[in-house]
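S.K.: Listed below, chain by chain, are the residues.
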Amino acid sequence: MPSAAATADALEPTRSLAPAGGLRRAWRQARRRPASAIGAVVVVLFVALALGAPWITSIDPLQTDWKQIRKAPTLAHPFGTDDLGRDNFARVVWGSRISMQAGVFSILLAIAVGVPTGLIAGFYRGGLDQAIMRLTDAWLAFPFLILAIGLVTIMGPSLTNATVAIGLGATPTFIRLTRGLVLAKASEDYVLGARALGAGDLRLMSRHILPNIVSSLLVQATISIPIAVIAEAVLSFLGLGVQPPAPSWGTMLNTAQQFLDTAPWMAWWPGLAIFTLTLSFNLAGDGLRDLLDPRDY
Amino acid sequence: MFDFLVQRAAISVVTLFVISLIVFTGVRMIPGDPARVMAGSEADEAGLEEVRQKYGLGDPIAFQYLRWLGLAGRFDLGESIRTRESVVKIVASKLPITIELAFLSLLVAVGIAIPAGVLAAVRRNTVWDVLTSGASLGGVSIPNFWLGIMLILFFSVRLGWLPASGFVPLWESPLANLQRMLMPAFVLGTALAAVLMRQTRNSMIEVMSADYIRTAYSKGLAGRVVVFRHAIRNSLIPVVTILGLQMGALMSGAVVTEQIFVVPGFGRLIVEAVFTRDYPLVQGVVLITASSYVLINLLVDVSYSLLDPRIRVRGAASDA
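These protein sequences, in sequence, are chains A and B. Last residue of the first sequence: 297 in my numbering, with the numbers rising by one and none dropped. Last residue of the second sequence: 320 in my numbering, with the numbers rising by one and none dropped.
Honestly, the hints are just simulated from the structure, not real lab data. We treat Cβ as the ideally placed atom computed from N, Cα and C, and that holds for glycine. Mixed in with the good hints, there may be bad ones.
[What the hints assert, rightly or not] Pairs of lysine to any residue residues, derived as SDA-like cross-links and limited to a Cα-Cα distance of at most 25 Å, are as follows: (1) A:Lys71 to B:Phe154; (2) B:Lys89 to B:Gly47; (3) B:Lys89 to B:Tyr65; (4) B:Lys54 to B:Leu71; (5) A:Lys71 to B:Ala249; (6) A:Lys71 to B:Leu151; (7) B:Lys54 to A:Ile154; (8) A:Lys71 to B:Met150; (9) B:Lys89 to A:Lys67; (10) B:Lys54 to B:Tyr65; (11) B:Lys89 to B:Glu50; (12) A:Lys67 to A:Leu204; (13) A:Lys71 to B:Gly160; (14) B:Lys94 to A:Ile154; (15) A:Lys71 to B:Lys89; (16) A:Lys71 to B:Leu71; (17) A:Lys71 to B:Ala35.
[As the list claims (entries may be wrong)] Rough simulated footprint, nothing fancy, chain B against chain A, three-plus residues with beta-carbon under 8 Å: (18) 132 to 144; (19) 148 to 162; (20) 178 to 189; (21) 253 to 264.
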C-alpha cells in the first residue's frame with residue numbers, strides 16, 4: 001500500500017506553495033484527517049463568534065429582565081435565561097470573546113517571554129543556561145492553578161491579571177521546549193556553515209535557528225491554548241478571574257451551580273461551549289502536528 | 001549510582017531554594033506594609049510589632065529572607081490571620097482529606113487507563129484503538145469542573161443516588177465517606193486517566209515491537225502470556241514517571257473538584273485563604289505544594305533508578 005501516493009505525500013512540503021496548489025493541498029490533507037479538519041473549522045467558527053458577537057446576537061448580555069428569571073429555553077431565548085433574567089445565548093456568544101482573549105493572549109505572552117529566553121539559554125549554554133534552567137525547574141514545580149491563584153492573590157482578580165497569570169504559568173514550557181530545540185539545531189551543518197561564513201549570533205538565532213523551530217513551537221501553542229482556555233474558565237469559576245457581571249463561561253457555571261435543581265440549562269451551555277472549543281482545538285492541533293512535525297508522538 | 005543520586009538530590013535542593021525565593025518575593029510584592037500583610041487588617045499596633053520582630057522587618061531584605069527561610073525550615077510558616085492557628089497545623093489537618101481524594105482518583109485513573117491503553121496498543125488500528133484515543137481526547141478536552149457539575153445534575157439532582165456534596169470523615173462512616181468521595185474521585189481520576197491512557201498505549205506499542213517480545217512469541221508462548229508477563233511490566237516504567245509529573249495537575253484538579261463537591265480539603269483551603277486575604281496561609285500552602293511536588297518527583301526518579309539501571313546511566317550522561 002505505501003506506494004506512489006504515499007511517496008508523493010512525503011515529498012509534498014518541498015513543492016511550491018502557490019495559492020491554488022496550497023488550497024488543493026489543504027483539501028487533500030483535510031480529506032485524510034476529517035476529524036482534524038472539522039476541529040479546525042469549529043475553531044474558526046468560534047473565532048468568528050468572538051469577533052462578530054455584536055452581529056450574531058442583538059441582545060445585550062448584561063441586560064437583566066425581572067420577568068424572565070430562570071426561564072427554560074424557548075424560541076426567544078434558545079439557551080434559556082439566568083437568575084437575573086439575562087439571555088443565556090447572548091452570554092455564551094459574548095463569553096467566547098473572553099475565552100478566546102484569555103486563551104490566545106496568555107499563550108502569546110508565554111511565547112514572547114519563553115521563546116527568547118529559551119533561545120538565549122540554548123544558544124549560549126554555560127552558566128546562564130544553568131541559571132535559567134534551575135529557575136524554570138522551580139517555576140514548573142508550582143502546579144499551574146496554584147501558581148495562577150498565587151499570582152492573582154498578589155495582583156487582584158480581573159481578566160487581564162488572569163491572562164497574565166495563565167501566560168506566566170505556561171512560560172516555562174516554552175522556555176524548555178525552545179532550549180531543547182535550539183540545542184538540537186545549533187550543531188546542524190547549516191548553522192555551523194553560516195557561522196563559518198561570518199554570521200553573527202543574532203543573525204544565526206533569528207535567520208537560521210528560529211525559522212527551523214517555528215513549526216514545533218506552533219504545535220506546542222495549539223496544545224497550550226485549550227489548556228489556557230480551561231484555566232481561564234477555572235479561575236473565573238473560582239471567582240479569581242473575570243468578575244461579574246461580565247459573561248465568562250466560568251462565572252456562568254459558578255452561578256449555574258446554585259440553581260442545578262431548578263434551572264439545569266444554565267449549566268449546560270457554557271460548559272458545552274468550553275468542551276466544544278477545547279476539543280476542536282485539540283483535534284485541529286493533532287492534525288497540525290502530523291502536518292508540521294513528522295515525529296511520532 | 002551514588003553519583004546519580006547525589007546529582008539528582010543536589011538539583012532538587014537548588015530547585016527548592018529557588019522556589020522559596022519565588023514565594024518570598026511574591027509575598028513581598030503584595031502592596032502595603034509587609035507587617036500588615038502578615039498580621040491582617042484587624043491587627044493592632046502590638047500585633048504588628050510582634051510580626052516585625054519575628055520576621056526582622058527592619059533588617060536588610062537578604063537577612064529578612066534568611067530569617068524567613070530559617071523559620072520555614074523549622075516548619076514555622078506563621079499563623080493564619082483568620083483563625084490564629086499555625087499554618088502548618090491547618091495544612092496538616094486538611095491534607096489527609098486531599099490525600100484520600102488523590103489516592104481514590106489515582107485508583108480510578110489507573111483502573112481505566114492501563115487496561116484501556118494496553119487494549120488499544122495490542123489491538124492497534126482497530127475499533128478499540130479508535131475508541132480509546134477518542135475517549136482520551138475527550139477526557140483531555142472536557143473541563144473537569146463541568147464534568148463534576150453534570151454528574152451532580154444527573155446522579156444527585158435527577159436520580160438522587162448520591163449526595164451532591166459534603167464530607168464525612170472516613171473513620172466515622174467509611175460507607176458515607178466513599179459515597180461522597182465517589183464523584184469527586186471520578187472527576188479527578190478521568191482527567192488523569194486521559195493522559196495516562198495515551199502514555200500507556202504509546203509505551204506499550206514501543207515495547208511490543210522489541211526483540212524480546214518477538215523472541216517470546218517465537219518460543220511459542222501464548223499471546224496473553226507475552227502481553228501480561230513480558231510487555232506490560234516493561235511498558236509501565238515510563239508511565240510511572242508521567243504519573244509523578246502529573247501530581248501537579250492532580251493538585252490543581254483537587255482545588256477545583258473540592259470546590260464543586262464541597263470537600264473540606266487542601267484545595268478548598270487555598271481558595272478560602274485567597275478570598276479572606278489570609279496571606280500567610282496562601283504563602284504556606286503554595287510553598288508546601290511546590291516543595292512536595294519536587295520531593296515526589298525526586299522520589300519517583302530515585303525509586304526507579306533503583307529498578308531500572310539503564311535510567312541512571314543514561315540520565316547521568318545526558319544531565320552532565
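S.K.: Now, for every hint given, state plainly whether the structure supports it.
M.R.: Cross-check of the supplied hints:
Note on lysine 71 of chain A and phenylalanine 154 of chain B: the hinted pairing holds, with a Cα-Cα distance of about 20 Å set against a maximum of 25 Å. Straight-line distance between C-alpha atoms of lysine 89 of chain B and glycine 47 of chain B comes to about 21 Å, which keeps the hinted pair within the 25 Å bound. Of the supplied pair hints, the one linking lysine 89 of chain B and tyrosine 65 of chain B holds, its CA atoms being roughly 22 Å apart against a limit of 25 Å. Distance restraint check for lysine 54 of chain B and leucine 71 of chain B: the Cα-Cα separation of roughly 9 Å lies within the 25 Å cut-off, and the hinted pair is therefore satisfied.
Restraint check for lysine 71 of chain A and alanine 249 of chain B: the C-alpha separation of about 37 Å exceeds 25 Å, so the hint is violated. For the given pair, lysine 71 of chain A sits about 22 Å from leucine 151 of chain B by alpha-carbon distance, which is consistent with the 25 Å threshold. With a CA separation close to 22 Å, the supplied pair lysine 54 of chain B and isoleucine 154 of chain A stays within the 25 Å bound. With a C-alpha separation of about 19 Å, the suggested pairing of lysine 71 of chain A with methionine 150 of chain B holds against the 25 Å cut-off.
The straight-line distance between the Cα atoms of lysine 89 of chain B and lysine 67 of chain A is roughly 50 Å, outside the 25 Å bound, and the hint therefore fails. The suggested pairing of lysine 54 of chain B with tyrosine 65 of chain B holds, with an alpha-carbon distance near 12 Å, which does not exceed 25 Å. Under the criterion of a C-alpha separation no larger than 25 Å, the hint pairing lysine 89 of chain B with glutamate 50 of chain B is consistent with the structure, at around 20 Å. Restraint check for lysine 67 of chain A and leucine 204 of chain A: the C-alpha separation of about 66 Å exceeds 25 Å, so the hint is violated.
A hinted pair counts as satisfied when its Cα atoms are at most 25 Å apart, and lysine 71 of chain A with glycine 160 of chain B qualifies at roughly 23 Å. Taken as a hint, the lysine 94 of chain B and isoleucine 154 of chain A pair is honoured in the structure, with Cα atoms around 24 Å apart against an allowance of 25 Å. For the suggested pair lysine 71 of chain A and lysine 89 of chain B, the alpha carbons sit about 47 Å apart, so the restraint of at most 25 Å is broken. With a C-alpha separation of about 56 Å, the suggested pairing of lysine 71 of chain A with leucine 71 of chain B is violated against the 25 Å cut-off.
Pair hint lysine 71 of chain A plus alanine 35 of chain B does not hold up; C-alpha atoms about 50 Å apart against a cutoff of 25 Å. Proximity of the segment 132 to 144 of chain A to chain B, defined as three or more residues with a beta carbon under 8 Å from a beta carbon of that chain, is established by the 10 residues found. Evaluation of the coverage hint for the segment 148 to 162 of chain A: fulfilled, as 6 residues show C-beta separations to chain B shorter than 8 Å, against a requirement of three. With 0 residues carrying a beta carbon less than 8 Å from a beta carbon of chain B, the segment 178 to 189 of chain A misses the three-residue requirement, and the given coverage is violated.
With 6 residues bearing a CB less than 8 Å from a CB of chain B, the segment 253 to 264 of chain A meets the requirement of three and the coverage assertion stands.
Hints 5, 9, 12, 15, 16, 17 and 20 from the list above are not met by this structure, while the remaining hints are.
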